[in-house]
Amino acid sequence: GAGVSQSPSNKVTEKGKDVELRCDPISGHTALYWYRQRLGQGLEFLIYFQGNSAPDKSGLPSDRFSAERTGESVSTLTIQRTQQEDSAVYLCASSVPKTGPSYEQYFGPGTRLTVT
Amino acid sequence: GQQLNQSPQSMFIQEGEDVSMNCTSSSIFNTWLWYKQDPGEGPVLLIALYKAGELTSNGRLTAQFGITRKDSFLNISASIPSDVGIYFCAGRDADNFNKFYFGSGTKLNVKP
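Residue numbers (the numbering used here), protein chains in the order written: chain A, 279 to 394; chain B, 13 to 124.
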C-alpha cells in the first residue's frame, strides 16, 4: 500500500493479557515512531527507530512496554500484563530522515486498544 | 517534563470566519509542526516551521514560529466546513532530536 498501515484497527483485551500491535511503514522509510493517544489528548512519544541504530526508548512508560523492528520494515509494539490505563489509540508514523531526524512523519490510522 | 499548552481546547465558528489557535511550551523547541486529525485517522502534517520568527503559509493556513522559540500560532482564514477536525501543535525538543511533544489539540467546529 501507499501509506502506513497498522493492525489490528481495534483490539479489546482483558486486564492482565499481553497484546501485540503491528505497524507496516511506508516502503523506504528508515525512521519509525510509536505514539500513544489517550482520549481527548495529544500524542505521547513512546519509541523511535532509525535504521540499524539503537532505538530511542525514552518514552516507554514502563517495562511492560517493548517494541521491535525488523530491519527497516515492520515494527511490533508489545504490551505485557495490560492495565486499564493502557487503553488508548496507538499510532505509528514513518519518515525519511534528512539532515538529522525527520520531521515529516506520515501516520497510520492507529490501533484502538481497550482493556476491560 | 516538557509542558506544551495548546489553546483554545475547542472552537465553534461560522463558515467564512477566521480562526486562530496557539501553543506555548515550557522550554525551547527547534521545530514547530501543525497537524490536523480527522476521526479514526492519524494526524496529517499541515505546516512545518524551523526558524524563530518564521512565518509560513499553506493555502488558507498561516503559522508562525515565535521569536522566543517557546510558542507558535496557526491561523485559518475564511473557514469552510471541511476544516472541521482536531488541530495539534507539536514541537521538537532542542535537547533530544528524536522527540516530538504534542499539544492536547484544538477541536474546530464550523457551522455552514
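The set of hints was computed from the structure by calculation and includes no laboratory data.
Honestly, I wouldn't trust all of these hints.
Taking lysine-lysine and the DSS-like style, the derived pairs with C-alpha atoms no more than 27 angstroms apart in a straight line are [what the hints assert, rightly or not]:
no., chain 1, residue 1, chain 2, residue 2
1, B, Lys111, A, Lys335
2, A, Lys335, A, Lys289
3, A, Lys289, B, Lys48
4, B, Lys82, B, Lys119
5, A, Lys289, B, Lys63
6, A, Lys293, A, Lys335
7, B, Lys48, B, Lys111
8, A, Lys335, B, Lys82
9, B, Lys123, B, Lys82
10, B, Lys123, B, Lys111
11, B, Lys48, B, Lys82
12, B, Lys123, B, Lys63
The hints, checked one at a time:
A threshold of 27 angstroms between alpha carbons decides the hint, and for Lys111 (chain B) with Lys335 (chain A) the separation of about 10 angstroms falls inside it, so the pair holds. Proposed proximity of Lys335 (chain A) and Lys289 (chain A) is supported: the alpha carbons are some 23 angstroms apart, at most 27 angstroms. For the given pair, Lys289 (chain A) sits about 24 angstroms from Lys48 (chain B) by alpha-carbon distance, which is consistent with the 27 angstroms threshold. For the hint pairing Lys82 (chain B) with Lys119 (chain B), the CA-to-CA distance comes to about 22 angstroms; that is within 27 angstroms, so the pair holds.
For the suggested pair Lys289 (chain A) and Lys63 (chain B), the alpha carbons sit about 41 angstroms apart, so the restraint of at most 27 angstroms is broken. Our distance criterion of 27 angstroms between C-alpha atoms is met by Lys293 (chain A) and Lys335 (chain A), whose separation comes to about 24 angstroms. Under the criterion of a C-alpha separation no larger than 27 angstroms, the hint pairing Lys48 (chain B) with Lys111 (chain B) is consistent with the structure, at around 19 angstroms. For a cut-off of 27 angstroms, the pair hint linking Lys335 (chain A) to Lys82 (chain B) stands: about 25 angstroms separates their Cα positions.
As the CA atoms of Lys123 (chain B) and Lys82 (chain B) are separated by approximately 32 angstroms, the hinted pair breaks the 27 angstroms bound. As the CA atoms of Lys123 (chain B) and Lys111 (chain B) are separated by approximately 36 angstroms, the hinted pair breaks the 27 angstroms bound. Only pairs whose Cα atoms come within 27 angstroms are accepted, and Lys48 (chain B) paired with Lys82 (chain B) is accepted, the gap being roughly 21 angstroms. Under the criterion of a C-alpha separation no larger than 27 angstroms, the hint pairing Lys123 (chain B) with Lys63 (chain B) is inconsistent with the structure, at around 35 angstroms.
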